[in-house]
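Just so you know, the protein sequences line up as chains A and B, in that order.
By this note's numbering, the letter at position 588 of the first sequence is numbered 588, and the numbering carries on one by one without gaps.
By this note's numbering, the letter at position 124 of the second sequence is numbered 124, and the numbering carries on one by one without gaps.
Fair warning: there could be bad hints in the mix.
A few chain B residues facing chain A, derived, Cβ under 7 Å [unchecked claim]:
| id | residue |
| --- | --- |
| 1 | Asn52 |
| 2 | Asn56 |
| 3 | Asn58 |
| 4 | Ile59 |
| 5 | Pro136 |
Simulated from the structure, these hints should not be mistaken for lab results.
Just so it is clear, the structure is predicted and the values come from calculations on it, not from any experiment.
Note that CB positions come from ideal geometry on N, CA and C, so glycine has one too.
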Amino acid sequence: MKTIFNFFTASLVLGALLTSCGQQGAKQEGALGSNIAERVYVAPGEHDEFYAFVSGGFSGQLAVYGLPSGRLFRVIPIFSQDPEKAYGYNEETKPMLETSYGFVPWDDAHHPDLSQTNGEIDGRWCFINGNNTPRIARINLSTFETEEIIELPNSAGNHSSSFVTENTEYVVAGTRFAVPVPQRDISIEEYKGTFKGAISFIKVDPEDGEMNLEFQVMMPGFNYDLAHPGRGKSHGWMFFTTYNTEEANTLLEVNASQNDKDFIAAINWKLAEQLIADGKYETMKTSYAHNTYDESTHSASSTLEKEVKIIDPSKYPGLVYLLPTPKSPHGCDVDPTGEYIIGNGKLSASLTAHSFTKMLDAIEHKKFDGEQYGIPVLNYDDVVGGVVQQAGLGPLHTEFDDKGNGYTTFFISSEVVKWKVGTWEILDRKPTYYSVGHLMIPGGNSRKPFGKYALAMNKITKDRYLPTGPELCQSAQLYDISGDKMEMLLDFPTIGEPHYAAGCPASLIEPKQTKIFKLEDNKHPYAVRSEKETKVERNGKEVHIYMTTIRSHFAPDNIEGVKVGDKVYFHVTNLEQDYDVPHGIAMIGANTSELLIMPGQTETFVWEPKQEGVWPFYCTDFCSALHQEMQGYVRVSGTGANVPLKWSLDGE
Amino acid sequence: MKKSKIFILTGALLLTSLFVIPIWNITLEAPQYPDPIGMDIFINKFKSAEGNDIQNINIMNHYVGMKKIPESIPEFSIFPYCIVALIVLGIVFALVGKRQLYVAWLVLMMAFGTVAMYDFYQWEYDYGHDLSADAPIKFTDENGDPLTYQPPLIGSKTILNFKATSTPLVGTYVMIASIGLVVLAFVTAKKETHEKATKNTLSAAV
Numbered sequence: 001m002k003t004i005f006n007f008f009t010a011s012l013v014l015g016a017l018l019t020s021c022g023q024q025g026a027k028q029e030g031a032l033g034s035n036i037a038e039r040v041y042v043a044p045g046e047h048d049e050f051y052a053f054v055s056g057g058f059s060g061q062l063a064v065y066g067l068p069s070g071r072l073f074r075v076i077p078i079f080s081q082d083p084e085k086a087y088g089y090n091e092e093t094k095p096m097l098e099t100s101y102g103f104v105p106w107d108d109a110h111h112p113d114l115s116q117t118n119g120e121i122d123g124r125w126c127f128i129n130g131n132n133t134p135r136i137a138r139i140n141l142s143t144f145e146t147e148e149i150i151e152l153p154n155s156a157g158n159h160s161s162s163f164v165t166e167n168t169e170y171v172v173a174g175t176r177f178a179v180p181v182p183q184r185d186i187s188i189e190e191y192k193g194t195f196k197g198a199i200s201f202i203k204v205d206p207e208d209g210e211m212n213l214e215f216q217v218m219m220p221g222f223n224y225d226l227a228h229p230g231r232g233k234s235h236g237w238m239f240f241t242t243y244n245t246e247e248a249n250t251l252l253e254v255n256a257s258q259n260d261k262d263f264i265a266a267i268n269w270k271l272a273e274q275l276i277a278d279g280k281y282e283t284m285k286t287s288y289a290h291n292t293y294d295e296s297t298h299s300a301s302s303t304l305e306k307e308v309k310i311i312d313p314s315k316y317p318g319l320v321y322l323l324p325t326p327k328s329p330h331g332c333d334v335d336p337t338g339e340y341i342i343g344n345g346k347l348s349a350s351l352t353a354h355s356f357t358k359m360l361d362a363i364e365h366k367k368f369d370g371e372q373y374g375i376p377v378l379n380y381d382d383v384v385g386g387v388v389q390q391a392g393l394g395p396l397h398t399e400f401d402d403k404g405n406g407y408t409t410f411f412i413s414s415e416v417v418k419w420k421v422g423t424w425e426i427l428d429r430k431p432t433y434y435s436v437g438h439l440m441i442p443g444g445n446s447r448k449p450f451g452k453y454a455l456a457m458n459k460i461t462k463d464r465y466l467p468t469g470p471e472l473c474q475s476a477q478l479y480d481i482s483g484d485k486m487e488m489l490l491d492f493p494t495i496g497e498p499h500y501a502a503g504c505p506a507s508l509i510e511p512k513q514t515k516i517f518k519l520e521d522n523k524h525p526y527a528v529r530s531e532k533e534t535k536v537e538r539n540g541k542e543v544h545i546y547m548t549t550i551r552s553h554f555a556p557d558n559i560e561g562v563k564v565g566d567k568v569y570f571h572v573t574n575l576e577q578d579y580d581v582p583h584g585i586a587m588i589g590a591n592t593s594e595l596l597i598m599p600g601q602t603e604t605f606v607w608e609p610k611q612e613g614v615w616p617f618y619c620t621d622f623c624s625a626l627h628q629e630m631q632g633y634v635r636v637s638g639t640g641a642n643v644p645l646k647w648s649l650d651g652e
Numbered sequence: 001m002k003k004s005k006i007f008i009l010t011g012a013l014l015l016t017s018l019f020v021i022p023i024w025n026i027t028l029e030a031p032q033y034p035d036p037i038g039m040d041i042f043i044n045k046f047k048s049a050e051g052n053d054i055q056n057i058n059i060m061n062h063y064v065g066m067k068k069i070p071e072s073i074p075e076f077s078i079f080p081y082c083i084v085a086l087i088v089l090g091i092v093f094a095l096v097g098k099r100q101l102y103v104a105w106l107v108l109m110m111a112f113g114t115v116a117m118y119d120f121y122q123w124e125y126d127y128g129h130d131l132s133a134d135a136p137i138k139f140t141d142e143n144g145d146p147l148t149y150q151p152p153l154i155g156s157k158t159i160l161n162f163k164a165t166s167t168p169l170v171g172t173y174v175m176i177a178s179i180g181l182v183v184l185a186f187v188t189a190k191k192e193t194h195e196k197a198t199k200n201t202l203s204a205a206v
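Working from the sequences, and respecting the hints, build out all of it.
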């Protein structure tokens with residue numbers, strides 16, 4: 001009896017102890033949990049610390065998030081039409097989407113990169129590539145508008161783009177696919193040895209950012225994946241990863257994965273500049289679009305450029321060297337000191353770090369291991385600086401913090417690994433959910449990284465959030481990297497498919513913001529600066545309406561004399577000069593989107609009425625207490641009618 | 001030059017600054033204006049405190065039927081002349097040197113100040129009460145009487161969703177300083193005459 005009683009009591013006590021221990025663990029988790037929430041909580045009315053420019057991938061746009069809150073502020077339209085903002089729909093921005101193939105309403109935007117000065121982010125512009133129709137776009141970070149898009153000739157797919165040199169001398173673009181240069185009708189099987197890979201160097205004007213395609217280096221027919229500039233001691237060189245050095249043209253999945261090592265191509269662009277200056281190039285006739293948006297006229301224009309300067313690297317020793325790198329390397333990342341060039345071998349388990357010092361030494365002492373199409377291949381053992389062994393499965397991309405650590409994403413093993421530059425030891429690994437592609441540390445691709453946060457952008461979402469049918473958003477996780485070990489802080493959804501991102505402290509961008517466009521600076525050809533100047537003019541079958549908006553009415557708002565078959569242009573100027581007071585306008589039956597007009601700006605849409613009647617238009621952006629009263633009518637008469645052109649506001 | 005003369009001369013010349021510095025400010029704060037909008041008043045013009053504030057104040061106020069803040073009011077033609085007159089008289093009186101004239105100047109100056117304040121009050125009354133008959137928004141109080149929107153003469157007042165604050169600026173303080181200097185001139189002049197008289201008496205005695 002006593003034994004049973006003792007046994008019973010003992011079990012009770014043991015049970016109580018175990019349960020309370022378990023509960024204490026849960027309490028601790030709760031306490032830690034609330035601590036993490038505080039670290040990502042940006043209180044109402046407060047601002048985030050960092051801007052994150054995250055590519056939209058197949059959406060063709062660039063998303064602007066705040067870190068650490070993960071809040072989405074804006075989706076900047078770049079390569080795809082956006083009816084919300086009339087980008088690619090209004091007359092002023094349609095030219096931005098012109099290419100040598102005609103008007104293309106979409107593209108695949110992958111890699112944003114921020115302008116730098118002396119190797120530090122300066123908050124002036126963001127560059128991003130269009131993949132499908134090879135293009136580079138430049139975004140003005142004071143207006144967050146796309147100001148310029150330049151197409152690349154002789155390219156197909158534009159993946160190893162857009163990366164800026166450390167003083168924004170150049171932004172580079174590289175074809176993804178090797179193609180016949182020039183394009184011509186030949187058998188696809190002639191790929192090996194015939195197709196070429198064009199690497200483009202676009203000069204950026206230091207004053208206004210205007211881009212110009214200076215020259216192309218015509219490389220062998222490999223695939224070109226990613227690139228990063230040398231910095232500090234390696235300034236003047238640009239490094240590109242290649243894959244498919246097997247030069248396969250079919251079933252690349254297998255046929256491009258046979259070689260043990262592919263290459264990182266090191267291009268000496270300072271030497272290339274010298275060659276161009278000395279006239280050592282060929283001029284090739286071609287056709288590519290160059291589109292610019294002028295803020296003072298609020299309008300874009302498109303020109304077709306006709307020629308490009310080509311440099312054949314096999315003719316100029318010293319221009320390009322190939323560094324053997326295992327295996328189908330994806331990311332090509334340079335550490336903040338400029339000494340190490342990391343080849344993230346997508347199909348291997350290790351990370352290869354080439355040493356720039358050793359590379360220069362190998363070049364000087366001609367430590368070559370053969371050549372490819374006249375370009376010297378440096379001996380692997382004479383350039384490799386170190387290898388991070390067995391780091392994970394499928395390394396893709398590395399960025400750096402300010403303490404000499406590298407952070408690499410591993411797609412197949414779905415993790416981020418932290419390791420020490422120089423000693424190559426692994427310090428930490430954390431899972432991502434799921435299958436991370438790229439990560440971003442603000443400044444992590446510059447001389448001055450801000451080692452506080454790392455953002456991992458994933459390809460597979462599955463169960464991370466509330467499901468939304470078969471199609472799910474992409475997921476991203478934010479990590480605190482300020483301590484020895486990484487800590488996941490936040491998990492948030494992203495638009496499109498973020499391939500890559502660039503971030504910087506908000507303090508670099510916030511003070512330079514444009515709040516309104518000054519009406520007196522508006523040089524749009526159809527702008528009017530007061531209601532008195534508004535009018536309607538007929539020019540054959542074209543009717544031009546010079547209209548204004550201000551809270552809460554349009555001027556004129558009653559128009560007569562338009563006929564069926566006319567092409568009616570609504571040129572609308574927003575007379576507001578107050579922060580955050582846009583107006584919109586839409587007309588029933590117009591085969592285009594609304595307009596969304598910022599204070600001081602003029603925008604135009606076209607309406608081709610097909611029916612007689614009296615048709616209303618209205619303001620589409622909630623602007624004031626009397627927004628619902630902000631409307632107008634246009635009378636459309638028959639083609640033969642004699643109704644005179646008339647316009648008025650309140651009878652005047 | 002006698003100290004008293006210097007005081008009244010300075011007092012008069014200080015008034016020249018009124019052609020470039022503002023005398024009053026009205027600022028409006030509202031939930032949708034985290035950066036308040038406002039208007040500075042000079043002796044010859046209204047000026048936006050920042051950017052296009054006056055245009056934006058007009059847009060806000062037109063819904064309840066208030067008039068636009070005009071480019072110019074008759075006062076802006078008259079007041080500069082008054083100030084010029086005061087400056088000229090101040091200089092003349094300083095040169096003449098009779099302290100009774102200093103008193104006269106003070107009387108003129110304070111009369112001008114009082115008239116200006118009264119006029120400002122009247123302008124504000126009219127601005128806040130003369131509402132358009134077809135205003136889109138017509139608010140009434142509990143008794144059903146229409147609300148009016150007169151800005152405060154000085155200090156703060158809640159008007160609908162705005163907190164209106166009316167404050168003197170540097171120009172007003174300059175005018176007060178001028179008055180102070182002329183009072184000082186008068187007092188000093190009195191002392192100087194007294195000292196002179198005493199000196200004369202003494203020298204006569206000797």
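Q.
The hint names Asn58 (chain B) as touching chain A; please verify it with the least Cβ-Cβ distance against 7 Å.
A. violated (10 Å)
Q: Go through the hint on Asn52 (chain B) and say holds or violated, using the shortest Cβ distance to chain A against 7 Å.
A: This interface hint holds because 4 Å falls under the 7 Å limit.
Q. Are Pro136 (chain B) and chain A close enough, Cβ to Cβ, to be under 7 Å, as the hint says?
A. holds (6 Å)
Q.
Asn56 (chain B) was flagged as interface toward chain A. Is the shortest Cβ-Cβ separation under 7 Å?
A. holds (5 Å)
**Q.** Evaluation of the interface hint that places Ile59 (chain B) against chain A, nearest CB under 7 Å
**A.** holds (5 Å)
In this structure, the one hint that does not hold is number 3.
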